[in-house]
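*Asks:* One-letter residues, chain by chain:
There are 2 protein chains.
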Amino acid sequence: MSRKLRLMIPGPTPMPPQVAEAMARPMVGHRSKGFAEFTAKLHAKLQQVLQTKNEVLILTCSGTGGLEAAVANTVNPGDKVLALVAGKFGERFRDLARVFGAEVLELAFPWGMPVDLETVRAALKAHPDVKLVLATQNETSTGVLHDIRGLGELCRDHGAVLAVDAVSGLGGVDLPADAWGVDILVTATQKALMTPPGLAMISLSPKAWALVGECRSPRYYFSLEAAKKAHAKWNTAFTPAVSLFFALDAALDLILAEGLEAVFARHRLLGTAAREGVKALGLELLPPEEAASPLLTAVKGPEGVKVDDLRKLLLDKYGVLFAGGQSELKGKIFRIAHMGYVDRVDVITALGALEMALSELGCKVALGGGVAAAQKVFLGGVKQ
Amino acid sequence: MSRKLRLMIPGPTPMPPQVAEAMARPMVGHRSKGFAEFTAKLHAKLQQVLQTKNEVLILTCSGTGGLEAAVANTVNPGDKVLALVAGKFGERFRDLARVFGAEVLELAFPWGMPVDLETVRAALKAHPDVKLVLATQNETSTGVLHDIRGLGELCRDHGAVLAVDAVSGLGGVDLPADAWGVDILVTATQKALMTPPGLAMISLSPKAWALVGECRSPRYYFSLEAAKKAHAKWNTAFTPAVSLFFALDAALDLILAEGLEAVFARHRLLGTAAREGVKALGLELLPPEEAASPLLTAVKGPEGVKVDDLRKLLLDKYGVLFAGGQSELKGKIFRIAHMGYVDRVDVITALGALEMALSELGCKVALGGGVAAAQKVFLGGVKQ
Numbered sequence: 001m002s003r004k005l006r007l008m009i010p011g012p013t014p015m016p017p018q019v020a021e022a023m024a025r026p027m028v029g030h031r032s033k034g035f036a037e038f039t040a041k042l043h044a045k046l047q048q049v050l051q052t053k054n055e056v057l058i059l060t061c062s063g064t065g066g067l068e069a070a071v072a073n074t075v076n077p078g079d080k081v082l083a084l085v086a087g088k089f090g091e092r093f094r095d096l097a098r099v100f101g102a103e104v105l106e107l108a109f110p111w112g113m114p115v116d117l118e119t120v121r122a123a124l125k126a127h128p129d130v131k132l133v134l135a136t137q138n139e140t141s142t143g144v145l146h147d148i149r150g151l152g153e154l155c156r157d158h159g160a161v162l163a164v165d166a167v168s169g170l171g172g173v174d175l176p177a178d179a180w181g182v183d184i185l186v187t188a189t190q191k192a193l194m195t196p197p198g199l200a201m202i203s204l205s206p207k208a209w210a211l212v213g214e215c216r217s218p219r220y221y222f223s224l225e226a227a228k229k230a231h232a233k234w235n236t237a238f239t240p241a242v243s244l245f246f247a248l249d250a251a252l253d254l255i256l257a258e259g260l261e262a263v264f265a266r267h268r269l270l271g272t273a274a275r276e277g278v279k280a281l282g283l284e285l286l287p288p289e290e291a292a293s294p295l296l297t298a299v300k301g302p303e304g305v306k307v308d309d310l311r312k313l314l315l316d317k318y319g320v321l322f323a324g325g326q327s328e329l330k331g332k333i334f335r336i337a338h339m340g341y342v343d344r345v346d347v348i349t350a351l352g353a354l355e356m357a358l359s360e361l362g363c364k365v366a367l368g369g370g371v372a373a374a375q376k377v378f379l380g381g382v383k384q
Numbered sequence: 001m002s003r004k005l006r007l008m009i010p011g012p013t014p015m016p017p018q019v020a021e022a023m024a025r026p027m028v029g030h031r032s033k034g035f036a037e038f039t040a041k042l043h044a045k046l047q048q049v050l051q052t053k054n055e056v057l058i059l060t061c062s063g064t065g066g067l068e069a070a071v072a073n074t075v076n077p078g079d080k081v082l083a084l085v086a087g088k089f090g091e092r093f094r095d096l097a098r099v100f101g102a103e104v105l106e107l108a109f110p111w112g113m114p115v116d117l118e119t120v121r122a123a124l125k126a127h128p129d130v131k132l133v134l135a136t137q138n139e140t141s142t143g144v145l146h147d148i149r150g151l152g153e154l155c156r157d158h159g160a161v162l163a164v165d166a167v168s169g170l171g172g173v174d175l176p177a178d179a180w181g182v183d184i185l186v187t188a189t190q191k192a193l194m195t196p197p198g199l200a201m202i203s204l205s206p207k208a209w210a211l212v213g214e215c216r217s218p219r220y221y222f223s224l225e226a227a228k229k230a231h232a233k234w235n236t237a238f239t240p241a242v243s244l245f246f247a248l249d250a251a252l253d254l255i256l257a258e259g260l261e262a263v264f265a266r267h268r269l270l271g272t273a274a275r276e277g278v279k280a281l282g283l284e285l286l287p288p289e290e291a292a293s294p295l296l297t298a299v300k301g302p303e304g305v306k307v308d309d310l311r312k313l314l315l316d317k318y319g320v321l322f323a324g325g326q327s328e329l330k331g332k333i334f335r336i337a338h339m340g341y342v343d344r345v346d347v348i349t350a351l352g353a354l355e356m357a358l359s360e361l362g363c364k365v366a367l368g369g370g371v372a373a374a375q376k377v378f379l380g381g382v383k384q
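As you go down the protein sequences, you meet chains S and F in turn.
Using the UniProt record's numbering, the letters of the first sequence correspond one by one to residues 1 to 384.
Using the UniProt record's numbering, the letters of the second sequence correspond one by one to residues 1 to 384.
To be clear, the hints were calculated from the coordinates, so they are not data collected in a lab.
Since the model is a prediction, treat every value here as computed from it, not as a measurement.
Check before you lean on any hint, since a few could be wrong.
Since the list can't tell identical chains apart, any single copy or any two copies may satisfy a pair.
Said to hold, decoys possible - Here are the simulated DSS-like cross-link-like pairs (lysine-lysine), alpha carbons at most 27 Å apart as the crow flies:
#, residue 1, residue 2
1, Lys332, Lys300
2, Lys279, Lys376
3, Lys306, Lys33
4, Lys364, Lys312
5, Lys376, Lys364
6, Lys300, Lys364
7, Lys233, Lys317
8, Lys228, Lys33
9, Lys33, Lys4
10, Lys33, Lys88
11, Lys364, Lys332
This is chain S alone, in the form it adopts within the complex (with noise of 0.2 Å):
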């Protein structure tokens, strides 16, 4: 038979076939009243998805098309902008501080680890010329999920921007954006939202604001005052992905009505469930368990057994695909994620896919131990 794919990268997920079918929805124009008055009714559930009274601005792009709009609007050069790294995301935000210009302040956390507040207090003391903080929500390179109420909170002591990187963790992770504090809001629609990629969404506090209008950075397809002008009419400013507006719609419709909160709790238990199930087999997480997400889990590749051997195996012969390491993290480390479409039967999958491949390299794993370990949490053994 054809192979059946088990998707569990941390995107693009799964998507539903209620989204399926939206994607396949005839064309129609996306200058028309119609669209518009659908653009309409998604704004009011992307700002209930995303918790925000904030415009939500929806550009066709990716998720790091989203982070540079939130840097070519904000960031002139020689702006001092603090970078908070622990992976790749964290890489990449600081990147395109660097690419704009900034003077860019550092901090650096050992990729598994979260940031640690403390660090980031005395760097902010240390430079109160910092005008913007970037931070990943969801570090999707490494399974860790940093604190950005925490860090909503030492950004306002001080004055500072905090842009957000929420790109994997939003619609999964509980992020209630206005009353943390997080001034510039980046998600996009291939993680917990469930939607194919190709769109990116933005939205700024009036904080945030401020500085888009003090910034001469060159943007035009990224320009934020562009779609700021567009939404006011609920439109875009260039021809937007329809049929992913479509899509994201059913996937925001699906989301709103089995409640944030259910949503957020799935995903804990789902976590929860995950993490037992690999350490009963004898496997290592990768970070500290307190800070992991319940998003997806990063674990360490057992003693003797290469890392991509085992994807392989587990795509070819079960059609399980988990990711791999990104960077310095590669062949070291794979990552089995949860997000979006997924329930405890998945996690189970996983389990039970994982314990066969790992048996048949050699490693001596106990069959059914992880699916048991599992199965508890879920049955309501095991304290989340």
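Go by the hints and put chain F onto chain S.
*Replies:* Below, chain F alone, put in the same frame as chain S:
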């Protein structure tokens, strides 16, 4: 019954069912071996349709993002750039060059008229330091097809790099990029290529790549060096809009199965029929007929009728959506697109509905007169 929409705007254009089916395909990992193999095959098809041996890089953005990539990777502040402006999209390319600090020499032509080659020749002669020429192939705002072949010769003689916005024309009108000396070719999915919006394609000649190497303008998401590096592994620098890759592939299959020459001939035939039909109704075309695009027909609003009233009636009562005029042509023209997934009957539909709507708005039209004129073209009675 619910409205049946006939989309006759110059993008997004209607999706063939094969493309809609591809849009609904399940997600796959964009870093997977399978997706790389798919991308390699897609690339071979793109080179055929773009008629170039150069690498065709795919960016997740709409056409304007592709134009920004062309400028951001080649223009240093102070560079002299010649912008040929005869409509809204010519203005956009010019504005992009200004945003990136170019010293822009603008040659403006009346909206509705083609770029005059002698004027361009004189400008290039007077400004030997022009490094880059920005041109539009099919000016969607006016329905004019500009002479890219002629511009290619002028730029070759002068030594300037020629960048062509072929967003709306490529795949509908012949543009042998390499043979005509197009150094930078930009196009997008949602016009003649019959795919929903969200991808831009760009290819550069070795002469254009030389500029990229010298370019210091800030760019990250649109970095062509990053795109090229990823492309060498059949990959993309950032997460691509996977569904749109599938859809584009399905659309290219349709174009190649029909044959490029046949596709161009079909559009020429439809263009001739649309113009004959419109003229038979006593309406005036905006461009001189020899410069009229085969992809869309721009028509001056008839005396005594508000163009917006006409468009509204056509949409509300007949489900037929024409485009209006943009910027200085707003309220003065309407535009009937016949690009992409369109056939003879679509032109008949457009004219038939137009006749009824004009009649209802008090115009004296011979019912069936426009339709008959188009039919004569299709039945071979009118020389194209």
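*Asks:* What are the numbers of the hints the structure violates, in ascending order?
*Replies:* When the structure is compared with the hints, none of them turns out to be violated.
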